[in-house]
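Assemble the whole structure, with the sequences as input and the hints as a guide.
2 protein chains.
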Amino acid sequence: MAAALTAHQLIDKHRPTLDQALETIRTRAYWSPHPEHPKAYGENGSLSAAEGKAAFDALLGSRMDLGQPGTDDWAGGEVSPYGPALGITYPHADIEVLLPAMRAGMRAWRDAGAEMRAVTCLEILARISARTHEFAHAVMHTSGQAFMMAFQAGGPHAQDRGLEAVAYAYVEQARTPDTAEWTKPQGKRDPLALNKQFTAVPRGIALVIGCNTFPTWNGYPGLFASLATGNPVLVKPHPRAVLPLALTVQVAREVLAEAGFDPNLVALAAERPGEGIAKALAVRPEIKIIDYTGSTAFGEWLEANARQAQVYTEKAGVNTIVVESTDNYQGMLANLAFSLSLYSGQMCTTPQNLLIPRDGIATDAGHKTFDEVVADLAAAVSGLLGDDARANALLGALVNPDVKARLDAASGLGEVTLPSREISNPEFPDAVVRTPLIVKLDGAKPDAEAAYLSECFGPVSFAVAVDSAADAVELLRRTVRDKGAMTVGAYTTSDEVAEAIEEACLEECAQLSLNLTGGVYVNQTAAFSDFHGSGGNPAANSALCDGAFVANRFRVVEVRREA
Amino acid sequence: MAAALTAHQLIDKHRPTLDQALETIRTRAYWSPHPEHPKAYGENGSLSAAEGKAAFDALLGSRMDLGQPGTDDWAGGEVSPYGPALGITYPHADIEVLLPAMRAGMRAWRDAGAEMRAVTCLEILARISARTHEFAHAVMHTSGQAFMMAFQAGGPHAQDRGLEAVAYAYVEQARTPDTAEWTKPQGKRDPLALNKQFTAVPRGIALVIGCNTFPTWNGYPGLFASLATGNPVLVKPHPRAVLPLALTVQVAREVLAEAGFDPNLVALAAERPGEGIAKALAVRPEIKIIDYTGSTAFGEWLEANARQAQVYTEKAGVNTIVVESTDNYQGMLANLAFSLSLYSGQMCTTPQNLLIPRDGIATDAGHKTFDEVVADLAAAVSGLLGDDARANALLGALVNPDVKARLDAASGLGEVTLPSREISNPEFPDAVVRTPLIVKLDGAKPDAEAAYLSECFGPVSFAVAVDSAADAVELLRRTVRDKGAMTVGAYTTSDEVAEAIEEACLEECAQLSLNLTGGVYVNQTAAFSDFHGSGGNPAANSALCDGAFVANRFRVVEVRREA
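Chains as they are written, first to last, in the working numbering: chain A, 1 to 563; chain B, 1 to 563.
Don't read these hints as lab results, they were simulated from the structure. These figures come from a predicted structure and were not determined experimentally. Warning: the hint list may mix true and false statements.
Repeated chains share a single entry, so a pair holds when one copy, or any two copies, can fit it.
[Stated by the list, open to error] With a straight-line Cα cutoff of 20 Å, these simulated EDC-like cross-link-like pairs (lysine to aspartate or glutamate) come out: (1) K279 to E300; (2) K279 to D94; (3) K188 to E36; (4) K184 to E23; (5) K184 to E36; (6) K404 to E422; (7) K368 to D471.
So, in structure tokens, the structure goes:
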């Protein structure tokens, strides 16, 4: 059967985009081929808002048959954090049948070479991009993100991170030539001469273990890094967030088949309630790579037990903001209020601990006491979320009952400056929508440590009184070293304090945002430019995306012959 | 104190060499800045043969004081495999003092940046190169390599591998710019604009655990990869092969100090007999990177237990040669005879199992039965080593009594075609010199498996009768998959068999040399061009040298501010 998509077509279509991505990961300037605005879709084959919504609605209550070998049952029980059950079922796999079937197409995928794999991945991303409106609803109704965030973070931003991984994977493979002629002089004798041939070979089947909150954004880097380096990819979604990754697998299988490859190079592993198949899959000898986003406990279990695999984990952390001084008090408050509110604080990058000197801080609006700073921040959050429509658009819904339970318990941890408020969502009355809680703690009291040195995932922040800037830096260091951090932020007008915080972040290996007062927030990172995580503190053993994230997903085998 | 070596001087002197190395790892053509011929030394500040010998002699019986902090004792009991005790003692460290001292200079080394680190490493290598004659004796009298091999493999070839690691480390760090301006359009509103600053930060102290047989060649890649990426390096040599690495540490400390850095960025950890400090060091929280060459048992222990560190291991493997057919029978025999003899088979790359069809093979000299092939190979080895002077120059000495014990036992494993012969060394009468043993085994007999599926490190090869080429390929696959392999070789005139063997090597991830009949041997790899190991089979979890070998030795920390 002739492939419907030829290598020539794919390279013509996607090589310029790949080249631009390769250039951008070198310059780290701004770039994205994936539009952020919903109105940018609806032409050139992409689904409009109405078409995307209709496509999503058509999925509800359906059986999504991906045509996978070894499908022995149908599984799925997603209930939207906004209320409705999705009612979609997905293939449940007999692993003994599916894993060998996934390996069958490896040789052809390997032999296709790095460029063909890259442009095939770009075609998958392009088709996902065209269905961004449909994906937005799928992400919204599995993660609880508000629509606009689900659209952007689950759509173009996730696609950017996928493309970034493809670019890193390509450049890593392309740095070794396919062939080399090696001629070593031997004085008066004939030189030694060899012809060498180098092939990037895959490690084996890659397992992607998806998360509930950012199924596509956190799933795509590993998925595309592994696929672009020649590995089949088995996607094990979070049981509450199957649909966005099932759609992704569907698109990938379709493109692979059209390009003449075995669609089983990408497959879905949905599970029955409570089945917990990740643990069993993770230690299978066929699984050679694992990408995981989720709890520290299971991440550490994977690192310790899935010894046959390369394991990339993003786990929990405790993100800190040092508030030492500012020349833009209102800007700081507005920026922080937004950071705490976005998606109800359910981002791995949301700040948790705000370290503020107990004697207060210097600002452009005069000296502010500790209590004033916390109260002003509470007021800023309240103001930002005062209108219910705007609050719903920013907060989304709590992703699951655990978050609500944690939020409810957190108000007992200290003095509440800003209580969490319940917001009703007129469109989705069953959605659980809550505003951020801010609790004051005293950093000098040992019994407060248990609270602020644990991750309290959800809309909970601690305003921690510290003795001084130096004390803040020391606590920052200890937090990153012991608990990990995906992000660190700081506000200071002092060069000396800024330098101390920078040095702490360099030594403890955490990504730092300094004095953000405008429209960029500490919780957001941009693909091609910002690294997400550092891979050097306990929150994550890898960064999105760098050479280390891709270089060990394949190996290079050399065959040499005398020339 | 002003540095005696300025950045400007070091960059002027070494940047061209670095650039050539960067170019060569891309083209993988032949290149080396380190002369292989002993007569190339003695001018431009390098030691001549006589000067190198005198320098080595002056070390014998001495105390090598490296000026390290925390030196609480002196340790060392090396005895040359050629007989004489070296009588040299080295600093024994109080780790509680030494490790903190090694961290003290990290910040300045980090802040120096990737280029300055690279050229400082190149200055270290240049000074080692100038003392190649001295190092040659040190390697010879710790590893048992014959002088010429100790000179080349322990000198220029090891220096090449060190330089290769520096080049990979540099390019990996330089791919992210130091700074970036990021400007994201916002329609009619002002764009979002950030200034970003990226810093390569070290992981922590790196531990190099040296081996007995190739202290410099196997030690330099990890040492220089870690140092060039900003990490202090603690070198824990094999207790029988301290001197070559102690000299290396001495040179590194001297160069670091002259360049204005803390010499404690590189230190030696010598140990008392039976102290076994590697195990204790490996799990110290300060140790974040480990490079190890040695037994599978300890390598696997490190991988399982040194969880706080990035662990790079080269362990044991079982190297296979498939002998299916040849159009150059004499060339094949000569090439194999040399491969089996070089350094008494004590290379991790020496072939062990020769898989030969029991019905014999087609050659340019007519059909050869299995027995004829083995007998002819035995004759080729005997011919090569017939002259005692030549035998000594090729074989060197057995590195330790374990090798001799294994050799003695191996003759009981099957029918001996070529018995091992004792060679006397007139210069060093106590040297234990043995020619290779060749034992015939039947691959169809299950009881033979225990022999040929274990590494028998030393001058022992098994000629294994297999049913067919397909059977050979299947056994090759199983051997690589279950036992690992640093090298695979094959002789065949059949395109079909060659393809099957290539496919087996691609799928099982092993480096293949096809039909070598001239002056290149399967056991040898050239830096900048050949990968040593694949990192994809049980013999080693990393390859020398590729992106994966360096990319995770540092992390990138980003600091971003509004523009």
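Structure-based check of all given hints:
For the homomeric pair K279 and E300, the shortest alpha-carbon distance inside one copy (12 Å) is at most 20 Å, but the shortest distance between copies (22 Å) is not. With identical chains, the CA atoms of K279 and D94 are at most 20 Å apart within one copy only, with a shortest distance of 15 Å there and 43 Å across copies. Taking the shortest Cα distances, K188 and E36 sit within 20 Å of each other only across copies (15 Å), while inside one copy they are farther apart (66 Å). In this assembly of identical chains, K184 and E23 lie within 20 Å of each other by CA distance solely across copies; the values are 17 Å between and 35 Å within a copy.
In this assembly of identical chains, the alpha carbons of K184 and E36 lie at most 20 Å apart only when taken from different copies (12 Å versus 54 Å within one copy). Taking the shortest alpha-carbon separations for K404 and E422, only the intra-copy value of 11 Å comes in at or below 20 Å, while the best inter-copy value is 79 Å. For the homomeric pair K368 and D471, the shortest alpha-carbon distance inside one copy (18 Å) is at most 20 Å, but the shortest distance between copies (81 Å) is not.
Violated hints for the displayed structure: none, as all numbered hints are satisfied.
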